[in-house]
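As they're listed, the protein sequences go chains V, U, Y and R.
Residue 1 is where the first sequence starts when you use this note's numbering, and the numbers rise one by one after that.
Residue 1 is where the second sequence starts when you use this note's numbering, and the numbers rise one by one after that.
Residue 1 is where the third sequence starts when you use this note's numbering, and the numbers rise one by one after that.
Residue 1 is where the fourth sequence starts when you use this note's numbering, and the numbers rise one by one after that.
Read the hints as simulated data drawn from the structure, not as lab findings.
Treat the hints with care, since some could be wrong.
Looking from chain R toward chain Y, a few residues come up when the C-beta cut is under 10 angstroms (computed) [said to hold, decoys possible]:
| no. | residue |
| --- | --- |
| 1 | 140 |
| 2 | 209 |
| 3 | 254 |
| 4 | 258 |
Listing some non-contacts, in silico: residues in chain U with all C-beta distances to chain Y over 10 angstroms [stated by the list, open to error]:
| no. | residue |
| --- | --- |
| 5 | 109 |
| 6 | 146 |
| 7 | 255 |
| 8 | 410 |
| 9 | 454 |
The beta carbon of each residue, even a glycine, is placed where N, CA and C say it ideally should be.
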Amino acid sequence: MLIVGFVLLALAAPLITRITGQDPYTYDKTALDPASGLPAGPLGGISAEHWFGVEPLTGRDVFAIVAHGARTSFLIGVLATAVAVVLGVALGASAGYFGGWWDRVVGWTGDVLFGFPYLVFMIALSAVAPPSIPQTLLLVVVIGFFGWPRVARVVRSATLGVARRDFVRASQVMGSPAWRTLTRRVLPNLWGPVVVVATLSIPERIGLEAALSFLGVGVHPPTPSWGRSISDAIGWVQTDPMLLVFPGLALFGATLAFNLLGDGLRDALDPRTARDGAH
Amino acid sequence: MTPAAGGPLLSVRDLRIVFGTGAAATVAVAGASWDLGPGEVLAVVGESGSGKSVTALSLLGLLPGSAHVTGHAELAGHGDLLALTGEPLRRLRGAVVSMVFQDPGSTLNPVLTIGDQLTEAVRVHRPGTSRAAARTRALDLLETVRVPDPASRLRAYPHQLSGGQLQRVVIAMALADEPAGVVADEPTTALDVTVQADVLDLLRDLTVRRGTSVVLITHDMGVVADLADRVVVLRHGEVVETGTVREVLRAPRAEYTRELLAAVPQLPAADLGASADVGAVGNAHRAVPDDPARGSLPGLAPAPGAADPVLDVRGVSVTYGGRWRGGGLRALDEVDLRIGAGEVLGLVGESGSGKSTLAGVVNGLVRPTAGSVRIGGVDPTTLRGRELRAVRARVGVVFQNPYSSLDPRSSVADSVAEPLLLHTSDDPREVRERVAGLLDAVALPAGSGERFPHELSGGQRQRVAIARAIALGPDLLIADEPTSALDVSVQARVLDLLADLRARFGFASLFITHDLAVVGQVADRIAVLHRGRLVEEGPADAVLTRPLHPYTQRLVAAAPVTDPDEQHRRRTAWRALTS
Amino acid sequence: MATARYLLTRLASGAGVLLVVAFVTFAVFNLLPSDPAQLSCGRPCTPENLALAKGFMGLDHPWYQQFGQFLAGIVTGRTFGTGATAVVCPAPCFGYSFQETAPVVQLIADRLPVTVSLALGAAVLWLVVGVALGVVAALRRGTAVDHVLGGLSVVGVSAPVYLLGLLGILLLGFTLDVVPVSGYVPLTQSPVDWAWHLVLPWIVLALINGAVYVRLARGQMLEVLSEDYVRTARAKGLRERTVVGKHALRNVTLPLVTLFGLDLGGLLGGAVITEKTFGMPGVGSLLLDAVGQLDLPLLLGTTLFAAFLIVVANIVVDLVYGLLDPRARIA
Amino acid sequence: ACGANERQGSGSGQSSGSTPTKGGTLTVLVSSTSTNFDPAKSQSLAITSLALVHRRLTSWKVESGKPAELVPDLATDVGSTSDGGTTWTFTLKDGLLFSDGSPIRAADVKWGLERSFAASFSGGLTYHKDLLAGAAGYTGPFEGARLASIATPDEKTLVFTLARPYGDWGWVASTPAFAPVPEGKGAEADYGLKPIASGPYVLSAVQQGVKIEMSRNEHWSAASDDVRPALPDSVVFSLGQATDVVSQRLVADSAADQTAFGAGFVSPAQLVQVANNPSAKDRLVTSESGALAFLSLNTRRGPLQNAEVRKAFQYAVDKAAFQVATAGTAALAGEVATTLITDGISGREEFDLYPTDPSGDPAKAKELLAAAGYPQGLSGLKLLVSQSNNGPAQAQAIQAALVKAGIGVDLQVTDEDAYYAAINTVNADEYDLALASWQPDFPSPNANLQPLFATSAIGNGGYNSARYSSPSVDAAIAAAQATVDTDAAAKAWVAVDKAVMADSPVVPLIYTRNSFLRGSKVTNFFIGAFPAYPNYLAVGVSS
Ligand SMILES: Nc1ncnc2c1ncn2[C@@H]1O[C@H](COP(=O)(O)OP(=O)(O)OP(=O)(O)O)[C@@H](O)[C@H]1O
Ligand SMILES: Nc1ncnc2c1ncn2[C@@H]1O[C@H](COP(=O)(O)OP(=O)(O)OP(=O)(O)O)[C@@H](O)[C@H]1O
Ligand SMILES: [Mg+2]
Ligand SMILES: [Mg+2]
C-alpha cells in the first residue's frame, strides 16, 4: 500500500542517498543553468541522476529532499500522535472512569486547549524557544500536546460506554482495585476507537508540521520538510513547477494514505459499517 | 373468536425471506403460510430470532434491500402485498395496513412534536384535510387511546412522555386512518407489566370496537392468552403449529409448543381482594397502607435465636443528583431488608422502582445517602484494603445483560478466574482446576473455557457469569434480572441451574426481577418495591396469592398467565382494580 | 430560569478559558528575547531612549504586574504617558498597538469584515454543498455516485489549504485569469467585486472543509435511515421525500451543528493560513503581522480574540443544539 | 558592474518608460500593512514614501549612475559651520507653506525635532538625539521644556549647537525628524495618519492596513523644490500585498497594474521568470550595487575571539555560491564585496586584504585554522539568520561552504524581529555567526562604519553584530566624524575600513543588488548609485 511505500521511503532515505549518491544538503552548481540559476535541463532538471530534478539556486537533489522530508514528516507526525494519544488516553480514560472533579478538570483543560489558537502559539513558541532545544523535539511535544484533548474526548466517551457495561461493574464488585479495573478491563476495550483516532490524527499532525514549515516556523533548514519545500516552491511555480509538484504530491499522498487507512480501520472496527459492507 | 366470515383479510402463502446471497445467506423465514381473518387477532409467537419481526416488516415492504422476499400475501381487495412497490405500496401503508413497533422510545422522531407526527399521519392519506381539522382529529385520537391531557401532549416531544404514553401515541398513529389491519410487533415487550396490561386492554378495546384485524407479534404466552383469537407458532422461520388460542395453549400439538409452554413459569391463582389492614399471616407478611405519605416498611426485629442475617439493610436511602439544589431523585426511601443464611429473597417492582439501585448499594457500587448495609455482620463502608476485599469476596453478583457482563477480550476461563486471582493466592494450576470445576458446575461443556463470549449463546454467557459469581463460594448472590434478556426456554434452564447451585452451595440470594412468575418459582420470601419504598414483604406464596398492598395487587393482576380462562379472570380483576 | 443559569455558567467558564489563554499567552510572549520597546526606540537606540519608551509603554513593571494592568484596562480603559501626548485606549482596552498607533480592538474591528466575509461565505457554501452531497451519497449508497463522492471527500480531507489554494490561484488566477489572484474589496464598496475576490478562497475552503461534512452527513444519514422512527415514517405511508427531508434531515444536522460551530470558531481564529495564501487583509494576516513585528499588544489581542471566537462558537453551538434537539433543552 | 548592466538591459533611466508627464495616479504595492507618516517615528529614506509628504532641511539628489548628493530642501543650503562642525546654521527658503496654508517657520522645524524626543514619538532615526548639545534627559516640548541647542533667532534661521564636532550634520538634517511640524501641534499619537504636509502631497484617505491615498498639496510650491517633480496627481500606497503576488501581477501587467510599481524586492524565483519574459524584462530595474551583505563573526564567543581563526572564514566562505543562493546568478545578486564601505558612496576606495577566488579556498582556511590551534576545525557554531529575504537559503549556502573548510555550523532561523532583537541586545547574543546586511541611513562612509563597528554600537539597540570593540578604531571613527572637510573625511574613513578588515570581525560577502518591477505606464523609474531603491520622488505615470 501507499503507506508502506512512504514508510519504506522514509526509513530507506539514507540508504537511497547512499545508492544514488545524492543527499539533500550538498549544493551542486553544475546541475544549474549558469545564466539563470534554474535547474539545467527540462522539467526541473529531471535526469537519471536527479530523479525529481534539482532545486533552483542550489542544485540540491529534489528526490533526496522529498525522501528525507518524508522522514521529517513521519517522525514528527507519528511521534506527535504518540504524544497526543498517550496523553489523551491517560487523561480521557481516567476522566471518564473516575468522573467527579478529575473529569471536570480534564474537561475544562481540554476546553482551554480547544479555545487556544495553537497555530499562533506555536509560531510564537518557535521564536522564543532557546536554540538548545531541538526544533524537532519542540514540534513533536507542542503538536502532540495540542492534540490530546481530541483524543481524550473520544476516549472519555468510549470509556463511559465501556465503564457502564456490566463486566466492568462485575470487576469492581469483585473488589478489583480501581486502577486494575481501569487498566485490565476498560483500556483493552478501547483500542478500537483509539487506533482509529490515532490513525486519523497522524495525517493531521503531518499536515500541521507542513503548515508550520509552510509558515516558516517548522523544522529549521536545511533539514528537509515537505511544507517548507512547498513554501519555497511557490515563487518558482511558473518557472519550475516540478519543484511544487513533487513535495506537494508527497504530502498529499501521505495524508491521503493515512486517511484511507484510518477509514478502513474504522469501517473494519465498527460493526455497523462492517455490516453495511457485507452487501 | 370471531370466525372468518367471507374469507380472510390477509392470506400469506409460502413466505420466504432470505438475507444475503450465496454461502452467507441466512434464511429468516422459510415458507410460512397463515391467514388473518377480518376482525381477528392473530398472534405470531416464537423464540427470539424465529422470524417474527421480519415477517411483519415484509408485509409493508419495510425490509432492507438485502432481504429477498418470495411468496404471496394476498390482501383482500388489494392484491398481493409482496408484489406491490412504489406509489401503490405507499398508499396502502398506514391507510389499509398500519404498524405498531416494539420500542416506543425509538419509534417516534425525537425532534418532532407528538402533534406534528400525529397530524402527519392523519393528513398523509387525506391531503385535503386542513391543519385545524387534522389537529382536532389528533386530539380525538389521543383521547381514544386514553392519553391524559391530550391538548398539551400535542405540543410535547417524545422524550417528555412515559413509555406507556408513547406506545399509546404509536397506537393512535396506527389507527389514524382506520386501517383494516394492524401489525403490532411486540407492542408491549418494552413496558412494565402494569403498563402492558393497560396497553393490551386498550388494543383489545379498539380492535373489538372497530373490527380491526391485528397481527400480534409476541414471545409472551401470557399476552397471547390475553389477546389472541388464533395463534401461529414460528420456529426457525417455519410454522410449527397454528390453531385457536385455546387449542394451542391448552392442548398444543407440536412438541416445540409444548416445550415453550412448559418453560413459562406459572403464577398460582390469587385472591386479589385482600386489603393491607388484614394483617393476615402474623407479622411475617406485612404491607404498608396505600398511603404515599407513609414510607417503607420498618424492619423486622430478627427472630430470636435465628442466625445472624447474611445481609442486613437498614434505613437505606439513595438520592440521585440534588446534592446542592435539593429535590434530587429519591430512588430509595429508608429501605429495611434482611436476608438470612441460605434464604432467597425475591425483590420485585416495576421499572425505575429502585431495584438495581438497591443491588448497587449492597454490592458497593452505589453509596447510600443514609442508612447502612451489613454483610455477614460487618459494614463494608468502614473497611479498606484487604478487609474490604474479604467482604467483597463473600458476595457474588450476576447482572442482567449477558451480552455485556463478560469482557469480550477475556476468554471464558479468564473471566471465571478473575475473582480467584483477586482473592486467593492459588497457583495457576489450582486456578485452572477450579475454573474447570466451576464450568462443570454450571453445566457448560468441557472446553468452553477457551472460548470467547461472542462464541457463546446468551444462556451460555449467563452461565459463565454465574460461575464467576459463585467462584469464591459466596454467602450471598445478588442476581439483578439474570434471566430477563433470555428466551423463556433458556430462562427456565438458567433458573433450574440457580436452584440446583443453591442447593449445592447453600448461598443466600437477593433475586431481583420484574416477573412475578419467576420470583414465585425461586424465592422463599418476596419484597415489593414501589417508587423507592418497600411496600410489602412476606413469604412468596402469601404475597402472590394474597397480596395486601394495592400496588402488589395490581402487579399480580397484571401479570399474564398462559391459561386463557385464568387470564380472562385476571383481566376482569385488573379492570376492577384500576377503574 | 434554568436556561439563564445554564447560560451564566457557560459564560463564566468561557471567561475562565479566555483568562487562562490570556495568561499563558502573556507569559509566553514575555519570555521572548526581544523587547517591544526596543522596536519603537528608533535608530540608533540609546539606553535613555529605551528606558523612556519602556516607561511610556508601561513595560517598566514585572510582567505579572503588566498582566494585572492589562486585565484592569479591559474594564477601565488605559492611558499611556501623561499630558498632551498621552495615548488613551478606551474601555474595553485589549491593549494598544504602538506600532499601528491604534487600540487593538479597533485594529481587529477594521480587519474583521474580511475574515467574516471569508469565513461565513465559505461556511455557508461548504455546509450546504457538503450536507447535500453527503445526503445524496447516503441515499445512493453503493452506487457510482457514492463511490465518486467518497473518493473526492477523502481527497478533500487530505489536501492542505495552501496547496489547493496555490493551485487554484495558479490555474484560475494566472493561467486562465478568470478570478483575481489576491486582495479584498469591501462589500460596501462593490458587492460584485467583493464576491469576485472571495470566490476562489470560498471554493478552496469549502472544498476542504466540505469534504468532512460529506463524509459525516453520509454516515449520519445512513445511521438515521436505519432508525426506527424513519421506519415508522415510512410505515405511515409518507412519501420518501418527506421521510428524508422532514424526518431524517433534522436528525442528520444535529451532530453537524456541533462540528460546524467548532469549525467556524476555529476558522475565524485560525484563518492565518488561508489569509496568507490568498493575501487577504483579515484578522489572520493581522495576527501574522503581529508575530512578524513582535507587536506584543496586538499579538495578545488577536490571540485572545481568536480564543474568544472559539469560546463563543461553542456556546452558540450548545444553544442552537438545544433549539434543534428538544432532548437537549433544559427544562 | 559591467556584465550586470548589459544583461539587465539597465539599472537606470532607459528602463524608465516613456517621457515623464504630469498627472495620473501612481500605485505603490507595499507588502507591509502599516506605513508611518509621522516624521518623528519614521526611518524612511529621503527619497521614498515619507518624502512625498514631508520636506526636511536637506535632501538627496539621486540620479542614475551618480553617487547621491546632499542638496538643500527647505533650507537654502546644506548647512554651514563656522567653528569646525560644532555649530551649524540653516536658513529657510522664502514662501514655504504647510498644507493648512500656514507659513513654515524655523520654529516649526525646531518643534518637529523637539517632538521627536517625546516618549510617545520615539521610533525614528535618532542620530540628532545623540548629537544635539544638552539633549540628554530631554523628553519633548509638550510639557513646556524647550531645547536650547536649537536656536531660532528669527523666523527663517536655525542654529544647531552640537555636543561634539560632526562633519555629516548636513546629512543628518535629511533624516525624517527634520521635517517641520506646526509649533504646538502633533500631540496626538496618530498624527502619522493625518500629518500636516510640507511636501507636494497630503494624505487624503487612510484605510489602515489596506491603503493610503495621497492627493496634491495645494500649498506646496514647485518652484522652491528641486528634488520633487511631483508628477502624478495622486499616489496610492496599496498595503499588505504579498511580494510574490506583486511580482506576478506586475509581470502580467494587467490594466490596473500598469501604473503601479512594487516597493519590495523581486525575489530570485521571480527574477528568473522576468528574465524569460521580454516585456517584463524591460520593466525590471536592478540597482548597480546596494546593501553590504556580510557574515558576522561574534568576537566575544569561543574560538572566534581569536582574530587568526576569524581570518580563516575570509577564505572559507563561498561568495559565488552565496550569489547564486541570493538571486540565481552573480549578475542579479550583486558583486562580490571585499570592503565595508558600499558602492555609490563618494570617497570609497576598493581594496582586498584577503584575495582569493570568489568560490573560496577551503584548503587555505583549514591551514589557517590549524595554525591558530584548531587542526580539527570547528563545530557546533550557531549561525543566526533572519527568516525574511531568502535568508535561510543564503545561510545554507554559507553552511555548505564552511563544512568544506571543516567548520560545522547549525542554523538558527528566526523571525526578522527576533533576529534584530538578538543583534540589538547584548545579553541575547547566543549566536557565533550571524548573516547580516547593512544599508547606510545616509550616503556617507560614516553611516557605513560607525553603526557596525563602534564599541558604542554593541547592544543597546546598536547593530554591531560582531561585538567588535577596538579602542584604536573607536578613536579613528570619532576623529573622522569630527572632520568637516569632505576629502579629508573620506580618507579617514577608508583608513577605518582597512583597520577593521585587518581584524576580520566580519566577512564581506556581496553588495546586494535590489531588483524592482514596474508597470508599463510608470515613467522615470530608476535607481541611483545610492541608495539601492527607486527614487519615489521622481516617478510618474503616462496616460
Ligand atoms: N437486516 C438483516 N440482515 C441479516 N439478517 C437479518 C436482518 N434482520 C433480521 N435478520 C435475521 O433474521 C432472523 C429473524 O429475525 P427477526 O428479527 O424476525 O427475529 P424475531 O423473531 O423478531 O426475534 P426477537 O424476538 O428477538 O425480536 C434472525 O436470524 C436475524 O438474525
Ligand atoms: N446514576 C443515576 N443517576 C441518576 N438517576 C439514576 C441513576 N441510576 C438510576 N437512577 C434513577 O433512579 C431510579 C431507580 O433506578 P433503578 O435502576 O434502581 O431502577 P430499577 O428498579 O432497577 O429499574 P429497571 O427495572 O428498569 O432496571 C430511576 O428513576 C432511575 O432513573
Ligand atoms: Mg423482533
Ligand atoms: Mg434495573
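To see whether the hints hold, each was checked on the structure:
1. For the restraint placing residue 140 of chain R at the interface with chain Y, the shortest Cβ-Cβ distance is roughly 7 angstroms, inside the 10 angstroms limit, so the hint holds.
2. With its C-beta approaching chain Y no nearer than about 5 angstroms, residue 209 of chain R sits inside the 10 angstroms limit, and its interface hint holds.
3. Interface restraint check: residue 254 of chain R against chain Y, minimum CB-CB distance 8 angstroms, threshold 10 angstroms, status holds.
4. With its C-beta approaching chain Y no nearer than about 15 angstroms, residue 258 of chain R sits outside the 10 angstroms limit, and its interface hint is violated.
5. Listed as outside the interface, residue 109 of chain U is inconsistent with that label: its C-beta sits roughly 4 angstroms from the nearest C-beta of chain Y, within the 10 angstroms cut-off.
6. Residue 146 of chain U, annotated as away from the interface, keeps every beta carbon of chain Y farther than 10 angstroms; the closest lies near 21 angstroms.
7. Chain Y leaves residue 255 of chain U outside its interface by the beta-carbon criterion, the shortest separation being 35 angstroms against a cut-off of 10 angstroms.
8. Non-interface call for residue 410 of chain U relative to chain Y: holds, since the shortest CB-CB distance, roughly 30 angstroms, exceeds 10 angstroms.
9. For residue 454 of chain U, the condition that its CB be more than 10 angstroms from all CB atoms of chain Y holds, with the nearest at approximately 22 angstroms.
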